[in-house]
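**Q** If you want the building blocks of each chain, they are given just below.
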Amino acid sequence: MIRVVLPQHLRTLAHVGMEVQVDVPGRVTLRSIVDAIEAEYPMLKGTIRDHVTLERRPFLRFFACGEDLSLESPDSPVPEAVVSGAEPFLVIGAIAGG
Amino acid sequence: MSGVRVLVGTRKGAFILTSDGKREKWAVSGPHFAGWEIYHMKGSSVDPNRIYASQTSGWFGQVMQRSDDGGKTWIQPGTPPGEQTTPQGMPKGESNKFVYDVSPETGKPLTTHQWYDGTQHPWEFKRVWHIEPSLTEANTVYAGVEDAALFRSKDGGKSWHELSGLRGHGTGPAWQPGAGGMCLHTVILDPSDPKRIYIAISAAGAFRTDDGGATWKPINKGLRSLYIPNPTAEVGHCVHHVAMNPKRPNVLFMQKHWDVMRSDNAGDSWTEVSGNLPTDFGFVVDVHSHEPETVYVVPIKSDSEHFVPDGKLRVYRSKTGGNEWEALTKGLPQQNCYVNVLRDAMAVDSLDKCGIYFGTSGGQVYGSNDAGDSWNAIVHDLPGVLSVEVQSLQ
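Residue numbers (my numbering), protein chains in the order written: chain A, 6 to 103; chain B, 8 to 401.
Hints in this document: simulated from the structure, not taken from any laboratory. It is possible that part of the hints are untrue.
Claimed, not checked - Only pairs whose alpha carbons sit at most 20 Å apart, straight line, appear in this in silico DMTMM-like list of lysine to aspartate or glutamate: (1) B/32 to B/54; (2) B/133 to A/60; (3) B/254 to B/287; (4) B/104 to A/24; (5) B/104 to A/43; (6) B/104 to A/45; (7) B/104 to A/55; (8) B/104 to B/131; (9) B/133 to A/55; (10) B/32 to B/298.
Stated by the list, open to error - Calculated from the model, a selection of chain A residues having no Cβ within reach of chain B, i.e. all distances over 10 Å: (11) 8; (12) 59; (13) 71; (14) 75.
Stated by the list, open to error - Computed spacing ranges between beta-carbons, pair by pair: (15) A/6 to B/125: 49 to 55 Å; (16) A/24 to B/55: 38 to 44 Å; (17) B/65 to A/36: 45 to 51 Å; (18) B/341 to A/77: 55 to 61 Å; (19) B/177 to A/82: 46 to 52 Å; (20) A/84 to B/144: 36 to 42 Å; (21) B/188 to A/76: 51 to 57 Å; (22) A/23 to B/297: 50 to 56 Å.
What you are looking at is a predicted structure, and each value in this text was computed from that prediction instead of being measured. Don't be surprised by glycine CBs; every beta carbon is placed ideally from N, CA and C.
Please put together the full structure from these sequences, using the hints given.
**A** Structure follows, in structure tokens:
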């Protein structure tokens, strides 16, 4: 199972706590993790990536193990610590305001 | 006993204000969808317990919400017909999906519109500005969106399909965004003709269909906008809002970027009725529910100073269909007030006497239960108000 930390507003929308766990069959990539999130929590479709282009929404970023994975290819593998469940995959809203 | 339900969309959530027919004491519920921008909420006249809400965020995009119990509980209605929800009973998110129609059979090629700098820019969906439930079918509802287009749902908001004849009718490349974006912000359904719909876009102008949305034509003759290269162009005008009294659907009132306008022929031509207003810039315009010649606006100082003039919050009322305006001030702040009232933030109820409501950028919602003669702040410390609608309940 992949551990995923969602930003506050998406937790509210999905009626979940800070961290959720999703089953990602096969190779674990940015794309397959978001696929799994949307399959488990369909009300989040369109909120993390665009409905049509499937591109990450511009004010959201992906982090894991202290690394910014946002600009990696969607099909890039994520760190082994995320695959093993030792570390969570973080969906983070870009900070705006003072 | 009669009553009213005022639906308030703000920059940080939705609020519902309810009162009996006297409209003196109010109950406040909310925030609903706390932290999200609620651009608009509107109830169905067919089923008043059905309310639609546009929940939006620069971070997370567009979410459509629906209540079937008068705003007590909400759902995202988007489980496609024939499909099951997830094992947990959760909807599938299709109600949040607004995709421009580019199919060769029904749609138009997704062209470009004019950008701020005059170059062409691709159409990109951003948010729903206005929701307009059908006057006859509870499951049919229209959505005006940014970048400007009109969508319709026939399944209670579960799925949305563009009425692409509007965006593709030919003048699209000349449309351009106003300061708030290129938004379709006004949708008016003609109660006397189910095939007639009026819409308005900032900054393109007003448009009308007489065939249920298949074909559209600009209705901007008589508008004069000095801020565009051709002041009397067919499109390009920054129309801020349009209002109609349903009992006289051929008469329309418009608050343009500058100028208050009137049409007596369903928008075929317009004449200016700004008259003695202190400034004819503004956003809202509305019409008394029983007196079709009684019109309300809130003048704003200018397009660079988006607040009321002279530090005084004044609603202006004309009982002559325009030109002659009187300031309504009783109960409204008359010093040190510098708020704005946005285009969808005024509404009228249908009780007797007519009630009027408006919300400000400072978070106040004012109500009048005597057609504007006097006002009270129903609430005064909400987040900035984006929209106000009212339902008259029996």
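**Q** Among the hints numbered above, which are violated by the structure, and what are their numbers in rising order?
**A** 1, 3, 4, 10, 17, 20, 21
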